[in-house]
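Visitor: One-letter residues, chain by chain:
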Amino acid sequence: MNGLNAAMKTFPGGKHIEGHKQLTRNEPICAMPLPAQVIIPLSQHTGSICEPLVKKGDKVKAGTKIGQGNGVVSSTVHASVSGTVNNISDYNHPVLGSCPAVIIDSDGKDENDAQVKERSGIAELSKEELLAIIKDSGIVGLGGAAFPTQVKLNPPRPVDTLIINGVECEPYLTCDFRLMLERTNELLQGIQLIQKIVNVQKVFIGIEEDKQEAVLQLRNRIMEKKRRFEVVALKAKYPQGAEKQLIKAVVGREVPPGKLPFDVGVIVVNVGTAVAVYEAVCLGKPLYERIVTVTGRIVKKPANLKVRLGTRFSDIIAFCEGTKEPLGKIIMGGPMMGLAQFTDDVPVIKGTSGILMLAKDEIKDFTETPCIRCGRCVNVCPVRMLPYALSLCVESKSFEQALQYNPRDCMECGACAYVCPAKRRIVESIRLIKAVVK
Amino acid sequence: MSEERAMTLSMTSSPHIRFPETTSRIMWTVFFCLIPSGIVSVYVFGLSTLWIIITAVLGAVATEYGCGLMAGGKNTISDGSAALTGLLLAYNLPPQAPLWMVFIGAFIAIVFSKVLFGGLGFNIFNPALIGRVFLMASFPVLMTRWPAPFRVDAVTAATPLAVFKDSFQGTNVLSQADIINYSYRDLFLGFRGGCIGEGCVAALLLGAVYLLIRGYISWQIPVSFIGTVAVFSWLFSGKDGIAGGDFILHILSGGLVLGAFYMATDYVTSPITKTGQLIFGFGCGLITGVIRLWGGYPEGVSYSILLMNILVPLLDKFIVPRRFGELK
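Order-wise, the sequence lines are chains A and B. Start counting the first sequence at 9; every next residue gets the next number (this note's numbering). Start counting the second sequence at 15; every next residue gets the next number (this note's numbering).
The shape of chain B in the complex, shown without the other chains (with noise of 0.2 Å):
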């Protein structure tokens, strides 16, 4: 062999093949099985929807584009991890917040949970949740502002577990104007008041469905969490307790599905190990059970996953697998 060529070998380590699958084509694929419900939300909600989810996709993506910028011309923007923080914070907002407080929230979920922590793979806490109670926290009455399905004009509706709650606890503050009675049929399809991404449980299983069949997120989360809700509203959300509760209202409500299979799943946030997993899971199904029937709000799914976020560097330095032949 001449010279010349063998200075053309590549050297590189074993192995010398890769399966073809990126980090980009799993957040893009993610984001893609989202798009189903945006759709049915811009038609029950109207079209300031769609403006809501461009200003948080957009947003998101410029704000993480400024900061590479700012690190020294770093561009992440095509993994697509900014734009799949941005598509899940518009479906955690109220189908009419106002579009500079939209951007607020993208803006302060890449830099405050995801940039300042080092970038993809180093945040703690689901970025999208962070954007999401930042904002409940800053501006309470427009992140409360429910419209009815169906009403572009924006008449308020209670959404069903403020209806549910308002009940349970026998605090009766609701007028009669604001109750709407939902069939499980509406809760399925998302005819419901609510956050733009959560409502049509159809839609998101449809590509939770895909993304589990491509291995994209496993059952663990989403079983565990929806488990635990289904359980416990089952036996506590009842007239006198213990059993008797509609587990299917609390299954189809909220963010559950949403939170249960497209953000508790979140790779970065979530433990490593199946056990972990399992854990987690039902941690946030007890938390968002707890906040649910006896916490100060009628919705839980964000706390109760940012709250596991906070485990996770735990669970996933105590449950790991039996090292091979070790005894048990």
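If we strip away everything but chain A, and leave its shape as in the complex, we get (with noise of 0.2 Å):
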């Protein structure tokens, strides 16, 4: 219990906002059923898309790679079900808007390709050849910023502390509090190949004290299998699980202006895609399907689901029976970061950690009135930036002079516009600038 109640640690500024974690915390992760189609987007990662290795007519099973990407930073993608490729080509995607996407016609059998298969000899594995595994079983980080993880396991210059990201600062989503509950020995299995192809002593696990039952499940597990990851118990905060943030609260370094954690000696990596490096290394089972959180105060069964990438938005919502009132807006991810969707004709892909729908009177179109200056903004602002000097620089076209205020540090994280007593969109406003200056 130690710890949990002592001073938490934390990062500067930030916010504390209202959860919604009730609506899903408590349900447990369920297989969704197969639906009749999916549609594998070649571009689900940061990096270079994936060229399609199939063409249309082609049989596929559940673990066939279907695409593989050029260049160091890259990933590859393969089928979530089996059956026949229907067609190659351009359809909705949640991030992009479109892209060409592989889609396929379940036979509903759901076989699995013959290299999905347990793998004997892993302690025998050397870092290259765990780094190929992972690489060709298209694990990217599933905490949303789908980062190939064989890069980032593999960074330019050695590091001491590895990080565990279990924070999910994110209001609504559950998906990493029920995998790090339902799924703790694979998590531990996987954070220990994480620990072994990084080289590092040091690993914490970092939680927000809200999550009590998982900081307590992993503590007694990790002394059960004798291993010497310290979970850390962090303030309930926003936005605590941001990887900068995150390792600031946890070994108290910054990672500077324009730089990534290894600047730091710090790889973070998310308690999904941990979980993920243990089912390619240990099960042989590519990346091709994810837990996603699907939450709104109008969704009539939410639900954490374990769902095929490839899965439309709509399945998905007609399987947790809809919505009690007319939908809003729906979002993929969170309400402070997420993404809204034209339409739910979307698939999920590797990013997608939460379906988020709301009301309309949810999502008030707030009119923006005058800065007053009051300085909320700056006080949560976890990168220590002006907001309010930045919105104002839009307000007056003055896009040069924004640059005077370090626009690019901003990981638009949005606590200024969620605390903006004016409703200025300040985001909107710095995502602007950014495009706007080069």
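No false leads were slipped in.
Chain A regions said to be covered by chain B (calculated; three or more residues, Cβ under 8 Å):
1) 264-277
2) 335-343
3) 371-384
4) 432-441
Simulated from the structure, these hints should not be mistaken for laboratory data. Predicted model, so just to flag it, every value in this text is computed and none were measured. Don't be surprised by glycine CBs; every beta carbon is placed ideally from N, CA and C.
From the two separate chains plus the hints, produce the assembled complex.
Guide: In structure tokens form, the structure reads like this:
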């Protein structure tokens, strides 16, 4: 129990946000029935797009590699059901709007590819072999950024600390929480594999203190298994799960502007990614499914679903029996950084941590009023920018002037706009500056 | 999904949720936190003060509404800032100020210190204080006629700070009839001569504590402002200087509590950062102390805030938070 009640570690700034997690926090992970058709976009990650390895009419099975990327920063994609390639064409994409995708009609048999089988002799695998498996299994960061994991785990300079991110600071989302509770052993095995790859002694698991069950369960299981991982309970505050803020809270280091975590000797990996690493290495299972929190006040049956990648949002919403009130907004991800969707005919991709549905009365379109310089945005900004100043620069169209306020430090967490009493669209302003001023 | 359903989805950008707080709720909350002080004032100085308050508030709101019409129909009165300006102006006027003068003050405050700068958020000076110093400069006699408390027959009496200054500077211009010796209790409850809303420290603190708890104001400005005045007056206002001064008199008198909690904390005209706010409060306190002890007026809160308002853009330019990850 110690540490849960002691002074909680955290980062300066930020804001406690009503979590709405009770909608799904007690919903066990449940496997959704196979959809009749899946749409596998050839870009679901940061980096170059994959080249398709199949053509119309080809037979595929769950786990069959169907797309491969060139270049260092890229990944692979796999079929998530067994069946026939219906087409390869542009399709709606939750992040890119539209993207080439492999459309597969399921045969309903759900057969696995021959390569999906338990692996033996794992202890003998070298770092290079493990990285190759991760790349081949299409693993990317499942926290949302979808950065190829084999690149992240192979930094250009040595690191001394591994932080496993179980913070899940976005309101509404509970998929990581359920994963930590229900797949604790797999998670610990995944962490051990990652620890071996990055070759560090210090391993921390950061979890917000409002997820006590996960903190206690992980601590107990770590003791049973005599691992040397330290579970750090963090203050429940947004954006505690942002990489740089998590590093600051756990080891007190600040990643300089424009630098990456490895520059301060740290690698941060999401809990979902760690489990995916375990599955890829030990079970030979590529990343073709993930856990998605389907939630919102108006959702009839909110749930944590294990979903095949490529499943349409509309299929998932139908499985959750739709909504009690007319839909106002569909968001991929959480309410703070998630992306509004123009349609429910978009597929789940690797970065889809949640599908949040809001009613019309939950998305009141606020009118912007003048900035009263109250300073709330400055107090919450986790990277200590002056959000109000950037917003005023856009108002007066002084884009060059905005550069002095370091707009590129902004990770668009939205804390400033969240607290703004004048309802100013600060994040949009900063995005605009980033786009206009090259 | 059918076409028509797709059309109805909102596509606005993240964050998709907002904290339920608005500018107008902040302004109106401050407004209502000031009400108790006004009630005490009506009790102490009579109904005339109520008419002054109403005239100032309505005058400010009407002026802002009129300016909005002239600027193309933009109605900004519901944000509450004009009403708050009017109320604060009234609280900075003597209890028997003529209503025509009150209206002029409200008009000047809104037009010359707010609208002409671009409206709410763009003004450099605290509008209510601009209204007050304009009236001070234009109608010095009417602005310094102080009725004694509970004397509706308008017997005038010097304010506690005027009495202090008279003896401190050895000018002895006040007649004995003008001098009332107030107890700290009288000063705390507002039973003394002075401006309408500044007297009852108890009522002002009540509202201020609520604003602090709600996070609508932060402690930095009031604490550094009042603290500086206290230390300054303790050091220099005694008989022989350096310590021994009656700092409690200086905290409880004049417009210090009203100014430190309700006017120096005005978001628009005070610094953004906590460090900037500490410097701002310190500067306000220093100028107030200098004016009270050695300046031409018995009271210096209004001028100190206005003078420090000038420095705010500079403070906001140079006192910025250390960039995340940047070396110290």
